[in-house]
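K.L.:
Sequence:
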Amino acid sequence: MRNKLQSFAGAKFALIAAVLFLFSGSVLAQAPTLPFDFESTTANYTFTDFDGGATTKIANPFPGGINTSANVGKMIKNAGQHWGGSWIALANPIDFSTNKTFKVKVYMPRVGAKLLLKVENATNGAISFEKEATGTVANAWEELTFDYSTINTANSYQKLVIIFDLGTVGNGTADFTYYFDDIKLTSGVSLLQMNLPVTFDLATVDYGVVGFEGAENSTIVPETSLPSNKVVKVVKSAAAQPWAGTTVTAVSGGVQTGFATKVPFTATEKRMTVRAFSPHAPIQVRLKVEEYLDPAKTCETEATLTVANSWQTLVFDFGAPATGTPALNLAYNYNKASVFFNFGVNGATAGEKTYYFDDMKFGLEVVPVELTSFTASVSDNAVTLNWATATETNNKGFEVQKLRVKSEELNSANWETVAFVAGNGTVSESRNYSYSDKVAPGKYSYRLKQIDLDGSFTYSQTVETDVVPSSFGLDQNYPNPFNPSTKISFSLPVASKVSVLVYNSLGQIVTELANSTFSAGYNEVNFNAAGLTSGIYFYKLSASSVDGNQNFQSMKKMILMK
1125 MRNKLQSFAG AKFALIAAVL FLFSGSVLAQ APTLPFDFES TTANYTFTDF
1175 DGGATTKIAN PFPGGINTSA NVGKMIKNAG QHWGGSWIAL ANPIDFSTNK
1225 TFKVKVYMPR VGAKLLLKVE NATNGAISFE KEATGTVANA WEELTFDYST
1275 INTANSYQKL VIIFDLGTVG NGTADFTYYF DDIKLTSGVS LLQMNLPVTF
1325 DLATVDYGVV GFEGAENSTI VPETSLPSNK VVKVVKSAAA QPWAGTTVTA
1375 VSGGVQTGFA TKVPFTATEK RMTVRAFSPH APIQVRLKVE EYLDPAKTCE
1425 TEATLTVANS WQTLVFDFGA PATGTPALNL AYNYNKASVF FNFGVNGATA
1475 GEKTYYFDDM KFGLEVVPVE LTSFTASVSD NAVTLNWATA TETNNKGFEV
1525 QKLRVKSEEL NSANWETVAF VAGNGTVSES RNYSYSDKVA PGKYSYRLKQ
1575 IDLDGSFTYS QTVETDVVPS SFGLDQNYPN PFNPSTKISF SLPVASKVSV
1625 LVYNSLGQIV TELANSTFSA GYNEVNFNAA GLTSGIYFYK LSASSVDGNQ
1675 NFQSMKKMIL MK
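Counting from 1125, one number per residue, gives the positions in the sequence shown under my numbering.
Calculated from the structure, these hints are not laboratory results.
It should be emphasised that the depicted structure is a prediction, and the values quoted were computed from it without experimental measurement.
Please note: incorrect hints may appear among the correct ones.
Calculated lysine-lysine pairs in the DSS-like style (CA-CA distance at most 30 Å, straight line) [unchecked claim]:
no., residue 1, residue 2
1, K1238, K1255
2, K1485, K1567
3, K1354, K1394
4, K1255, K1386
5, K1386, K1357
6, K1238, K1224
7, K1477, K1573
8, K1686, K1664
9, K1621, K1686
10, K1621, K1567
11, K1229, K1611
12, K1573, K1357
13, K1664, K1681
14, K1181, K1357
15, K1680, K1573
16, K1477, K1562
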């Protein structure tokens, strides 16, 4: 059978692959890479089908379990050959120098269905390696593992071949319809089952979340203001039930495995904490613990999230269970937990909302500094920041950091420390802080870096401001000199009709970059001089306020250097 596949691939696809690689540079430029997840907006996910296989990219029809991603691959195995399948070329040869274990998420119609995953040379189908794995569940997502440890790493492999149920001819029905996603190459090292505390950050731990009843879109994502920190993002949809929630668990063979050991409740310590973030407040957040193999053994309690758009550490006391729910039983093996945001309110009432949580822990941990609010306001050319803390422990103070939001300065390395505001050491009551920053017109983001006396630190969420200029202005283009494109920025104190013209050194108009109404603020237009010769050019801004009471003109020089 393997010789047939090799002969088939070599005879039927060698010429096609050669033509693609030699004459289709635009296709190669959009070829997908590993990990392969169908989510790129620029990659070309078009498969080449053979002998009955038919693969397309579609919206995930079964979001939930271990796969809540937006898009997946769908293969229908029609009548043809029993080896019918599909293949796709990757942008680069697969690197097997370190990682030699493939993992693929699949959704198959029956227990015992199989997936053959094969890699081939870009132009010679006889150079290949293949492994097959068998599914253990039906009509549910599971992850299959393929051991490529014996692959010949001296060869080059750049194509992925997908064949479901090799040896059986398909008939195009639902019984031969398969879904796959998240093809990734890993080290093959077994991950540890998660345990408290759950931080979602350790590469050696098998983290997972499962949303339900309208919170199926629950995923582990980088924190926006601190990408190195992973958090859980929960989208409670407009159709969500009042009890929509998210279970913190990996899934193995279709079974939610929960924690490796039970939550260590005692007669004197019955509390857990979770860091949470909500776009609105106050709301009730419920935490439920249960035995993963006996969902009848549960305990639930609630905490109130009081601050919107800021991280807050919630304390859940299972010694005070929610009304109408069972009391905590210390003899039970509680080893799974679920979080319910805005519990008791359905999606139709609240509308779709996005929440975040992190750092699920047992016991009550002393929080060095609990930030309860962080806001920004603008007056003239000054940004005033105000923040407050509920309690402080060993708080040295706060670095105020600023990022000007311009297209050429989006990298986090451009955060600038503009001030240090001393903290209050250790206090048990609320403290208020303020800082005023004089700035030029533009859009800015601010964050706080809270520093402890021992040097450890945490970041706040970011706040954004838009400082509207008090007068008209035209900035020097950036970059300058340029090749072939540059950006021209200008400031408007009020909404204005704007014209931006480019002239050559003879005073002739080269192009018109803008001729429309712009809102007040910091604006920019792009100038692409790909069709022009090197030299000195001029750009002129003409602005007239919408009410006709203000007019402005300015011209500057720029240099095109090819």
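K.L.:
Hints first: check each against the structure and report whether it holds.
P.N.:
Status of each hint after checking the structure:
In summary, the hint linking K1238 to K1255 is supported, as the alpha carbons are separated by about 10 Å, within the 30 Å threshold. With a C-alpha separation of about 38 Å, the suggested pair K1485 and K1567 falls outside the 30 Å cut-off, and the hint is violated. With a C-alpha separation of about 26 Å, the suggested pairing of K1354 with K1394 holds against the 30 Å cut-off. Simply put, K1255 and K1386 have alpha-carbon atoms about 37 Å apart, too far for the 30 Å limit, and the pair is violated.
For a cut-off of 30 Å, the pair hint linking K1386 to K1357 stands: about 25 Å separates their Cα positions. Between K1238 and K1224 the alpha-carbon distance is near 20 Å, which keeps this suggested pair within the 30 Å criterion. Taking the CA atoms of K1477 and K1573, the gap is about 27 Å. The hint holds against a cut of 30 Å. A C-alpha spacing of about 22 Å is found between K1686 and K1664, which places the hinted pair at or below 30 Å, so the restraint holds.
Between K1621 and K1686, the direct Cα distance comes to roughly 33 Å. Violation of the 30 Å bound is thereby established for this hinted pair. A C-alpha spacing of about 21 Å is found between K1621 and K1567, which places the hinted pair at or below 30 Å, so the restraint holds. At most 30 Å may separate the alpha-carbon atoms for a hinted pair to count; K1229 and K1611 exceed this at roughly 44 Å. With a C-alpha separation of about 23 Å, the suggested pairing of K1573 with K1357 holds against the 30 Å cut-off.
Distance check on the hinted pair: K1664 and K1681 sit about 9 Å apart at the alpha-carbon level, within 30 Å; holds. Distance restraint check for K1181 and K1357: the Cα-Cα separation of roughly 25 Å lies within the 30 Å cut-off, and the hinted pair is therefore satisfied. As the CA atoms of K1680 and K1573 are separated by approximately 39 Å, the hinted pair breaks the 30 Å bound. In summary, the hint linking K1477 to K1562 is not supported, as the alpha carbons are separated by about 35 Å, beyond the 30 Å threshold.
Of the numbered hints stated above, those contradicted by the structure are hints 2, 4, 9, 11, 15, 16, listed in ascending order.
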